[in-house]
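According to the numbering used here, the residues represented by the sequence shown are 889 to 1194, in order.
There could be a bad hint or two in this list.
Label pairs and their computed distance ranges (CB to CB) [claimed, not checked]:
#, residue 1, residue 2, range
1, A1092, L941, 43 to 51 Å
2, V940, G995, 21 to 29 Å
3, F1114, I1029, 21 to 29 Å
4, G995, R908, 16 to 24 Å
5, V1006, G1104, 44 to 52 Å
6, L1128, A981, 46 to 54 Å
7, V940, A1107, 48 to 56 Å
8, L941, V1106, 45 to 53 Å
9, A1107, H906, 39 to 47 Å
The list that follows gives simulated cross-link-like pairs (lysine to aspartate or glutamate, EDC-like), each with its CA atoms no further than 20 Å apart [said to hold, decoys possible]:
#, residue 1, residue 2
10, K972, D909
11, K970, D1060
12, K915, D966
13, K972, D1060
14, K1032, D966
Don't read these hints as lab results, they were simulated from the structure. Cβ coordinates follow ideal geometry from the N, Cα and C atoms, glycine included.
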Amino acid sequence: MASSPFMSEGPLPVIPAHWRDFVALTKPRVMTLVVFTGLCGLLAAPGHIHPVLAFTAILCIALGAGAAAALNQWYEADIDAKMKRTANRPLPAGRMDRQSALHFGVGLSFFSVLLMGVATNWLAAAVLAVSILFYVFVYTIWLKPRTAQNIVIGGAAGAFPPVIGWAAVTGDIGALPVALFMLIFFWTPPHFWALALFVKTDYAAAGIPMLPVVSGEVATRRQIWFYTAIMAVAAMAPVLLRLTGPIYGTTALLGTALFVAMAFQVLRRRESDPAHMAPERRLFKYSILYLFLLFGAVVVDRWVFA
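All chains should be modelled from the sequences, with the hints used to inform the complete structure.
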C-alpha cells in the first residue's frame, strides 16, 4: 500500500499552499446556499440595518461557514484521501499541510465571530459561534464516524444561517427564523441521503457509517421518504402560523409537491447500480433549487406584504 503523508509518524513538511487552495478549504459551492439562507434571514427580518453592516454580517456568515469547512477538512484529511470525490482536495492531494489548514480554520472562526459581535450584536455572534462548534465537534468529530444518523442531528449546523441573519438585524430570535431553521433541519436528510445513495461506495471505502452503507438502500429510501414528509409539514408551517403570505405559501406548496413526487420516485426504486440512479440525482439537484426558491419567496413575501 502506498504511504500517505497523513499516516507519517514524523513531522509534516511545510508546504507553501496556493491561495486557491485556501479558498477550496472553505467549500465555496456549499457556502453559496449557506450565505443565501443567511441573507434571506437578514432581509426578512423586521427593522433596519445599515447596508455596510448588513454586508459585514453576511460576510461573517460566509467566513464562519468557510472556517467550519476548513476544520472539517483538516480533521478528515485521511478520510478524504480514500474517497474519489474528495481525493483532490488540498490536503489529501498534498497541496497543503494540515497545520496550515488548522491555523486557517481556527483563525477564520475567531475573526468571523468577533467581527460579527462588533459589527452587529453579540447574540448573532454567539449563534455563529455555536454553528461552527456544532459542525466541527458534534457533527465532524462525534457523530459522523460513529452513527448512521449523523446527518440527522448534524444537519442542525447548516440550519443556523437564517437565525444568524435575523439576529444580526433585530438582536433577538423570532418565530420565523426558528421555522426556517426547522425547514433546513428536516430538508437535510433527504437532500444528503439522495447524494449518499449514488456515492455510497466512497463512504464504504472510507469506513464512514452513512445510512446506505450501514442499513442498505431500501432503508435509506424509506428514510428519505419519511423525512420528506416531515419536511413538507415544516415547509408549510410558516403559512399555517401566519408568518408569511401567499407568495411563500404558493411557492412552498408547489415546490414541496414536486419534492414529494421526486422522493416517491426514489422510494419506489430498487436499482442498486450507481450508474442508473437518475431519480436520486434529480432529487439531490432539485433539493438545492428547492431551498433557494423557498427562501427567496420568504423575502419577496415579506417585502410585498410587510
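Item checked: Those earlier numbered hints the structure runs against, lowest number first -> Violated hints: 11 and 13; rest satisfied.
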